[in-house]
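Given the coordinates of chain E, assemble chain B onto it according to the supplied hints.
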Amino acid sequence: MLHEKYGPVVRIAPNHLSFTDSRAWRDIYGLHPSPSSKNQQIENPKAPIWYRSLNPDDPHDLLNAPPEKHAQLRKALAYGFADRALKAQEGRIQGYIDLFIAKLQKKASSAETQVVDMVGWYNWVVFDIMGDLVFAEPFGCLEHERDHFFVELFGQMLLPGVVLVSIQYLGLMWAVPWILRWVGGRKALVELKTELGRRVKGRIAKGEVVDDLFEGLLKHREEWVSISSSAVDD
Amino acid sequence: MSTTELEGTAHIVVTAGSETTPTLLSGVTNLLVRNPDQMNKLKQEIRSSFNSADEITMAAVNRLPYLLACLNESLRMFPPATHGMVREAAEGGVQVAGHFVPEKSLIECQIYSMNHSSANWVEPFVFRPERFLHSVVNDEKAPTGKRDNMKALQPFQYGPRDCVGRK
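Taken in sequence, the protein lines are chains E and B.
Per this note's numbering: the first sequence = residues 1 to 234.
Per this note's numbering: the second sequence = residues 1 to 167.
The set of hints was computed from the structure by calculation and includes no laboratory data.
Worth double-checking, as some hints may not be accurate.
As the list claims (entries may be wrong) - Examples of chain E residues toward chain B, derived with CB under 8 Å:
{"#": "1", "residue": "16"}
{"#": "2", "residue": "123"}
{"#": "3", "residue": "174"}
For each residue, glycine too, the CB sits at the ideal point set by N, CA and C.
So that you can see chain B by itself, here it is in the shape it has in the complex:
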């Protein structure tokens, strides 16, 4: 691999890692500041889980369900990548969501639209981390009788070319 190739990929890794995370953090901060109930619930979870700052480790924060729900809800409402990656329908054409698409057509999932579609989400413009708490998803009958479609949320993209830094 040439130095130019190393440079190209290093540049992508630095920018892909560092343009996305601040967007998510800014988004979740904005949403929490505007939604004091959720903010208090999250504060409560964090304050009751740790006795001191040095207990806050990578493994420990992954055990905070409400924190993760807030991050997921922010990934839905303010996705760092707003549109999907544009593909060209493969040779011979392909079936996409029940429709035949001729080869060479450009096709994509628009992430922002997917995440705010009322066909996928109950009240898509409302910040509701609870939709990502499994017990609630299973128990609560949404007012419209509809459920959130979790499969719609792919903020890290999908398939063999999804985000390499996804955990």
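Only chain E is shown next, with the shape it has when bound in the complex:
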């Protein structure tokens, strides 16, 4: 490992430093006083090359939003992670865990079973829970004992994402929009967007679902309509 050889700071690209000194957590990701105004706390902004270069035209999301907008999104989401909400979600979560255990017990006691791929099973139970808590609609992974295409696609997109960012480190920025146009037109990605849109619409229609991870977003949605059109949203 580079850090074992070179120490707690390693320059991993001409303009990019990696730290393993634990003080770096606070210094890089914590708030610090602004040089222009002593009363203001600022953060080191997220690096656009990692957060904005692949979706420059999309509206900001939870990961790449500037601080003010991020604080709003985060407040809305925190609603679904409050103790009250977690208590309300527990029964729903337990239901999936019971199904997970029951199915595994059946596998374990079957003479036909030789190998069980636990990575798949863990993915199924967790995706079903998240599908339920965000869209009020599970992905049916456990029931059918297979990946949902939504799940598969996400895994498939990770590596191309890193490759596209790396290309920019080599100075080949011009290639990225061209590649993205090609990738964006791919059938799989179009299907993903369609499925996401269908699920979000479905969840909005079920407005009355309480204490899930989406409710906070819906609750604050109205007040944000006005904020989004003002100067706060760049």
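Chain B alone, transformed into the frame defined by chain E:
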């Protein structure tokens, strides 16, 4: 907030929640299967804490110190997010761990390296949940005279943009 914005954030929440947890669970399963002593200790804790499956609730599992230690040790050895989030040094430059970094430089904590650095951990490649049991951390003199640096472990990231689902 437009529907597109709702979609973007919903997608992030679903994937952030569901790509990370299975990684942790797969990691801890792998480590326990390869370390029977720790596996037996954990089994013992779980079997002696519950009389039936319906007693296993969210609140109850949070009272199992060895289980939590195993999960922490797995978060250290197989962190679901392996690298930190890359930042750009703020206007005017910043001090990071005692070094001045000019503005616009890209800076990050590489989680995997941080969690396996021998400057932070005693025998970093050894699965030892005991390092997270407070009594042991305080009492045991590590063979090299060094201690584990708990502050290095930030699997949920750090600061105002850390994991929203962290409890």
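To see whether the hints hold, each was checked on the structure:
The beta carbon of residue 16 of chain E is positioned within 8 Å of a beta carbon in chain B (closest approach about 4 Å), and the interface hint is therefore held. About 4 Å separates the beta-carbon of residue 123 of chain E from the nearest beta-carbon of chain B, less than 8 Å, and the hint is met. The interface hint given for residue 174 of chain E is violated, since its Cβ lies 20 Å from the closest Cβ of chain B, which is over the 8 Å cut-off.
In this structure, the one hint that does not hold is number 3.
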